[in-house]
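Undergrad: Spelled out from the first residue to the last, the chains are:
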Amino acid sequence: MENMESPENIIRLKNVLFGYHYHLPVIDGVTLNIPKGGFIGLLGPSGSGKSTLLKLIVGLHKPWEGEILFAKHNNDKDQKFSIIGYSPQVEGIDWDFPVTVRELISMGVWNQSGVFPWINKTSRIEIDNLADELGIGGYVDRQIKELSGGEQKRVFLARALIHNPKILILDEPTAGLDNANKDNFLKILTDLNSRGITIILTTHDIDGVAKKLPWIVCLNKTIISQGIPNSTLSENILYRTYDLK
Amino acid sequence: MLLNTDFLFQPFHYEFFTRAIVVSILIGGTCGLLGVYIVLRGMSYIGHGMSHAVFGGAVISNIIGINFYIGAAIWGILSGLLITEINKRYKIKADAAIGVVTTAGFAIGVFLMNTGQTPLKNFEALLFGNILAVTDLDFIFILIVSIITIIFIFFFQKRLLFTIFDSETAKVYGVNIYRIELLFSIILAIVVIAAMNSIGVTLLAVAIIAPAISARLITNNFFKIIILSCIIGIIDAFLGMYSSFYIDSPSGATIVLFGASSFIIAIVYSHLKKLQHMHFHGEKKHSHLHTHSEEHRHEH
Numbered sequence: 006m007e008n009m010e011s012p013e014n015i016i017r018l019k020n021v022l023f024g025y026h027y028h029l030p031v032i033d034g035v036t037l038n039i040p041k042g043g044f045i046g047l048l049g050p051s052g053s054g055k056s057t058l059l060k061l062i063v064g065l066h067k068p069w070e071g072e073i074l075f076a077k078h079n080n081d082k083d084q085k086f087s088i089i090g091y092s093p094q095v096e097g098i099d100w101d102f103p104v105t106v107r108e109l110i111s112m113g114v115w116n117q118s119g120v121f122p123w124i125n126k127t128s129r130i131e132i133d134n135l136a137d138e139l140g141i142g143g144y145v146d147r148q149i150k151e152l153s154g155g156e157q158k159r160v161f162l163a164r165a166l167i168h169n170p171k172i173l174i175l176d177e178p179t180a181g182l183d184n185a186n187k188d189n190f191l192k193i194l195t196d197l198n199s200r201g202i203t204i205i206l207t208t209h210d211i212d213g214v215a216k217k218l219p220w221i222v223c224l225n226k227t228i229i230s231q232g233i234p235n236s237t238l239s240e241n242i243l244y245r246t247y248d249l250k
Numbered sequence: 031m032l033l034n035t036d037f038l039f040q041p042f043h044y045e046f047f048t049r050a051i052v053v054s055i056l057i058g059g060t061c062g063l064l065g066v067y068i069v070l071r072g073m074s075y076i077g078h079g080m081s082h083a084v085f086g087g088a089v090i091s092n093i094i095g096i097n098f099y100i101g102a103a104i105w106g107i108l109s110g111l112l113i114t115e116i117n118k119r120y121k122i123k124a125d126a127a128i129g130v131v132t133t134a135g136f137a138i139g140v141f142l143m144n145t146g147q148t149p150l151k152n153f154e155a156l157l158f159g160n161i162l163a164v165t166d167l168d169f170i171f172i173l174i175v176s177i178i179t180i181i182f183i184f185f186f187q188k189r190l191l192f193t194i195f196d197s198e199t200a201k202v203y204g205v206n207i208y209r210i211e212l213l214f215s216i217i218l219a220i221v222v223i224a225a226m227n228s229i230g231v232t233l234l235a236v237a238i239i240a241p242a243i244s245a246r247l248i249t250n251n252f253f254k255i256i257i258l259s260c261i262i263g264i265i266d267a268f269l270g271m272y273s274s275f276y277i278d279s280p281s282g283a284t285i286v287l288f289g290a291s292s293f294i295i296a297i298v299y300s301h302l303k304k305l306q307h308m309h310f311h312g313e314k315k316h317s318h319l320h321t322h323s324e325e326h327r328h329e330h
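Listed in order, the protein sequences are those of chains C and X.
All residue numbers for the first sequence refer to my numbering, where the first residue is 6 and numbers rise by one.
All residue numbers for the second sequence refer to my numbering, where the first residue is 31 and numbers rise by one.
No lab work stands behind these hints: they were computed from the structure.
Predicted, not measured: the structure shown is a model, and the values here were computed from it.
Watch out, some of these pointers could steer you wrong.
Cut-off 35 Å, straight-line C-alpha distance, at most; resulting in silico cross-link-like pairs (DSBU-like, lysine-lysine) [what the hints assert, rightly or not]:
#1 X/K303 / C/K19
#2 X/K201 / X/K121
#3 C/K67 / X/K121
Which stretches of chain X does chain C cover? Using the computed rule of at least three CB atoms under 8 Å from a CB of chain C, they are [what the hints assert, rightly or not]:
#4 126 to 135
#5 158 to 165
Every beta carbon over 12 Å from chain X, so not counted as near; a handful from chain C, in silico [as the list claims (entries may be wrong)]:
#6 P40
#7 K41
#8 D99
#9 T105
#10 S118
#11 V120
#12 Q148
#13 D196
#14 K216
We treat Cβ as the ideally placed atom computed from N, Cα and C, and that holds for glycine.
Looking at chain C on its own, in the form it has when it is part of the complex (with noise of 0.2 Å):
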């Protein structure tokens, strides 16, 4: 079991390469330090490797090369996602689907809310109290078709939260929101970081999260820079980033 070097990080990417076509890269030598209770967005066009570089960090890939390393854990796979709530991007579910927001949520504990079919007593009174406090107690015997978007996106991130993780790795979870939804969002992740939790996000949206955030990793294949949003999303460097002439 190798650890990380600074106790300070709880995610560690060492030159990390990857992709799905030989010679062909979509991550190409990324390094990259997550600090323990950091709050970082991924910034990138379509393309740039924001979500397979979320999928490498959550273990869906093997990088080709390099390696990434939690802080006092080892990649073991029971160890890691334990620590970490991951939600997918939601373009690709299905929403006529026949689960209730509370079925929904539950999937992030299935292995904790007892071995019969239903969701045992404590899971439920779980489940139940996360809702409420994101917002969407109403709505946990809803079929989730029956949601606004923005409740849909506080569903998921409820079934990333449900078995208290450490770090919450979210793929655009504000895309396709409306101003207000995107800032109550925010505001739910900042709060969400102020009790401890590291949070990383990819988004392709500059002035509605990305300037929101307190820290910017603009990605392109490689890391073009980071930094606070004041300093990173500089014109140069979001040419770079978005590959304009």
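Guided by the hints, dock chain X onto chain C, whose structure is given.
TA: Coordinates of chain X only, in the frame set by chain C:
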């Protein structure tokens, strides 16, 4: 005129018929249960495909003289493995993998049946089903398969649901999705084998799919879908079997026609339900099944 109860209970005077009714109810319920997961996975074709694939195994087991169930089970499980592997390793969608693997399996059966030296026993029963020829061994096999299926669904329900709904996240959360898919394929293969003698490989797909899609049209609640699908499967099987006695029709085909009828009834019900929710936004007539939450507004 008084109803002649003797006439109604006449079929049950025959032992073979009573056994056939029990077997068809077991198959109907089990297919209804499994069908829900198949429909929600968007793999309705797998029922059709798997039933054809195991035909190859049945013919081979007949030629080499081994027990039909052993040959068909090995063949079915291998087909399931192959479909899962092709789908996982290559960029080929599940429907295409199912199409090639299962039709090739069926073709091997047809090829060997026509070129083999040994004539195939019960050839017609395998293709079109003959529930009245079900033996004690068949009954025991079907009973065991039904129990295994219920146990599997009971204990794997949460993992199955997570995998079907969002397999990538399920993997992140420690669900072994390949093991789940493999176990599911194996269960499907043995259910198909259990049902093929009685309903027939060419007709089985409807018995698996029809109850599930009918239930899906009636409710949005997952547990209600499961219960309804099993009940519809059982009712279709019972009515199909029972009426085939009086109208002297092939039992497998009659069960399947009842399955198709239940689907038509479900469509009518779903349409009526939609009409009930019809409402107006200004001059626009409009229907949807959801309630309006605080944030939910739409414009026309």
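Undergrad: All the hints need checking, so say for each whether the structure fits it.
TA: To see whether the hints hold, each was checked on the structure:
1. The straight-line distance between the Cα atoms of X/K303 and C/K19 is roughly 57 Å, outside the 35 Å bound, and the hint therefore fails.
2. Of the supplied pair hints, the one linking X/K201 and X/K121 holds, its CA atoms being roughly 19 Å apart against a limit of 35 Å.
3. Under the criterion of a C-alpha separation no larger than 35 Å, the hint pairing C/K67 with X/K121 is consistent with the structure, at around 18 Å.
4. Note: the stretch 126 to 135 of chain X has 0 residues with beta-carbon separation from chain C under 8 Å; the three-residue rule is not met and the coverage is violated.
5. A count of 0 residues in the stretch 158 to 165 of chain X with a Cβ less than 8 Å from any Cβ of chain C is obtained; the coverage claim is therefore unmet, three being the minimum.
6. Every Cβ of chain X is farther than 12 Å from the Cβ of C/P40; the closest lies at roughly 22 Å, confirming the non-interface assignment.
7. With a least beta-carbon separation of about 21 Å from chain X, C/K41 lies farther than 12 Å from that chain, consistent with its non-interface assignment.
8. Look at C/D99: its CB is around 8 Å from the nearest CB on chain X, not clear of 12 Å, so calling it non-interface is violated.
9. The Cβ of C/T105 does not lie farther than 12 Å from every Cβ of chain X; its closest approach is about 7 Å, which violates its non-interface assignment.
10. With a minimum CB-CB distance of about 7 Å to chain X, C/S118 fails to clear the 12 Å threshold, and the non-interface call is violated.
11. The non-interface label for C/V120 is inconsistent with chain X: the shortest C-beta to C-beta separation is roughly 6 Å, within 12 Å.
12. Not every CB of chain X is more than 12 Å from the CB of C/Q148 (nearest about 5 Å), against its label as outside the interface.
13. At roughly 19 Å, the least C-beta separation between C/D196 and chain X is larger than 12 Å, which holds for a residue marked as non-interface.
14. At roughly 24 Å from the closest C-beta of chain X, the C-beta of C/K216 stays outside 12 Å, upholding its exclusion from the interface.
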